[in-house]
Amino acid sequence: MTRLEKVFNKKETKNKVLVTYTVAGDPNLGSSKKILNDLIASGADILEIGVPFSDPMSEGPVIQKAHERALKKNIEFKDILNLCRQIRIKNSNVPIVLMGYMNSFLSLKNKLAEELTQAGVDGVIVVDLPYDESKSFFNNLKKENIDLIRLISPTTDSKRLKRMLASSSGYLYYVSLKGITGAELKNFNEVKNKVKRIKSLTNLPVVVGFGIKDELTAKKMASFSDGIVVGTKIIDFIEKKSIPKISNFTKSLKKAIN
Amino acid sequence: MKYKKLTKYAFPDKEGRFGEFGGKYVSETLITALEELEKVYTQVKKDKSFQKEVIKDLNDFVGRPSPLYFAERWTKKLGGAKIYLKREDLNHTGAHKINNTVGQVLLAKKMGKKRVIAETGAGQHGVATATVAARHGLECIIFMGEEDIERQALNVYRMKLLGAEVCSVDSGTKTLKDAMNEAMRDWVTNVEDTHYIIGSVAGPHPYPEIVRDFNSIVGKELKIQSKKELGKYPDIIVACVGGGSNAMGIFYPFIKDTKTKLVGVEAGGSGVKSGKHAAPLSDGKVGVLHGMKTYLMQDKNGQILSTYSVSAGLDYPGVGPEHAYLRDIGRVEYESATDKQALKSFHDLTKTEGIMPALETSHALAYVNKIAPKLSRSKIIVINLSGRGDKDMFTVAKEDGMTL
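These protein sequence lines map, in sequence, to chains A and B.
First residue of the first sequence? That's -11 in this note's numbering, and the numbers climb one at a time after it.
First residue of the second sequence? That's 3 in this note's numbering, and the numbers climb one at a time after it.
These are calculated hints, taken from the structure and not from any lab test.
Remember, predicted model here, so these are calculated numbers, not experimental data.
Every residue, glycine too, gets a C-beta built ideally from N, C-alpha and C.
Please note that a few of the clues may not be correct.
Simulated restraints on C-beta separations [said to hold, decoys possible]:
| id | chain 1 | residue 1 | chain 2 | residue 2 | range |
| --- | --- | --- | --- | --- | --- |
| 1 | B | 194 | A | 176 | 16 to 22 Å |
| 2 | B | 225 | A | 178 | 30 to 36 Å |
| 3 | A | 81 | B | 155 | 55 to 61 Å |
| 4 | A | 246 | B | 194 | 33 to 39 Å |
| 5 | A | 103 | B | 194 | 37 to 43 Å |
| 6 | A | 151 | B | 375 | 54 to 60 Å |
Only chain A is shown next, with the shape it has when bound in the complex (with noise of 0.2 Å):
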């Protein structure tokens, strides 16, 4: 069972999962590694990290300063599977999984899938690789188990939705609304709606992101998805320099979804 597979398992105890996005090197490398660990140590079940990109076209002002705080400080793919590396030396058992774009990940060439075992990653999230171009990263990750976990959001139709599930793995990311991340989530009857369509569709589970930012929120969004995502309101923190407050942040949500 891979380690993605083992904390959904755990799912028949009730327990929802918490996802956390965070930008590797923001606001410095140090810095990045000890907000991981205090993730972990606060509940956070998956950690999401993202891989800071010059051009991060999906993403609110908050979590663009964030690539570019990262950016600032030189961060490499090569800092960021160290950090993953770092990770692990503590614990075995959390999942990571990076989330980027494209580019970023083409740097590593056909070293990607077998680097990124290395590091201990276990997934990885590419927001400007749709399904219908996929085919052959997904292989290249398939070959080393790793997940290419996919977005799925407001527009997919259902015709697409079902060929996106017949190769699909991991888990499945609902996107909540049309926009970028960090907007105002206003309709939760639809994103319900859309969640249960998809569940009814496959048995891997669906995690709900974008525009989560408090407690009511989360617990809402849990209610009928597998787990939720939450990253503009942590980065947030991480702007204002309040670093120390995402610990209670996260351990409140966590209490809310469960």
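Chain B: place on chain A using the hints.
Leaving out everything else, chain B in the frame of chain A:
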């Protein structure tokens, strides 16, 4: 040359690719919008009444066909091949960009979209979009890098006069690529009522095809004009390449006519070897940005590098995927011209022909300035004079050490 025969040249393919280049590298949310656009575009290609409407607008609103002009004094001065200019600078709004927006705004209306957005570098595409939006009564938002807003103040004011909202983009390098990022962010948020009018042969499929097709009126006219007025097709066609829309527009109808040499000229900035330039086809690597796989200026970690050019319209780290393909098969030759060479040609054409070219176009002129003297007088070179230079007055004055 790697190609044997181009008689079957038919790109993009079903996957939206030009060889390995192109594709649809966008977030999942945008896929439906791209599929809709593709479907509607496939329909209108065969729809005679739609095509008639485009042609009518190109004639009556844009002022087409644009003349093919013999640059007699400049030809004499250079003392070699005969130089002709395809006068896209005479179009309404002063550049080739309107050929595309006239078509795309009709597509937007066909899809029932009430709002159009666009990115702009030099401001020409922004003005061309604001112009058609005004004509059709659509809401219009233009994204423009903070740095470009500063160097293209005249165009910014033109857009505002036309009723568009100009959004200043202060992220990243504050130029064209960042404006495109921001336009993508707006589109993904407002995808239901908004059409994104991409201004170059760049971005995800089907944009490179749509923008090429609408601009290829330039090459189609040139075929007719050169046959009629010169008795043959040009020996060489030269165009500047940023994203590459004016070049694709004039090249495309000639791709299968392999006797005509096609040359694209990129922005060499301070020189390709200096690293300060915007010439991904001369000094870039294959990657993915803005929805397409193409040549990009990037570092070893895949971070997109800052570009540099005196001309805002060429200041872009990528290039349309069809150019990447045409480069690799060797059908089009890609060169570069430096800021200095472009500025010299700007002044030369202005003084010898009474035509003030855009700084973008001046890069194509600079290449011709170099090769024309070496060619025989029987050879014919056509330059796509893609835009006029009024918008560049402040930049040129500054380069010449003057204040206006």
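Hint check results:
no.: 1; hint: B:194 with A:176: 16 to 22 Å; verdict: holds, 19 Å
no.: 2; hint: B:225 with A:178: 30 to 36 Å; verdict: violated, 52 Å
no.: 3; hint: A:81 with B:155: 55 to 61 Å; verdict: holds, 58 Å
no.: 4; hint: A:246 with B:194: 33 to 39 Å; verdict: holds, 35 Å
no.: 5; hint: A:103 with B:194: 37 to 43 Å; verdict: holds, 40 Å
no.: 6; hint: A:151 with B:375: 54 to 60 Å; verdict: holds, 59 Å
In the structure shown, a violation is registered for the earlier hint numbered 2 alone.
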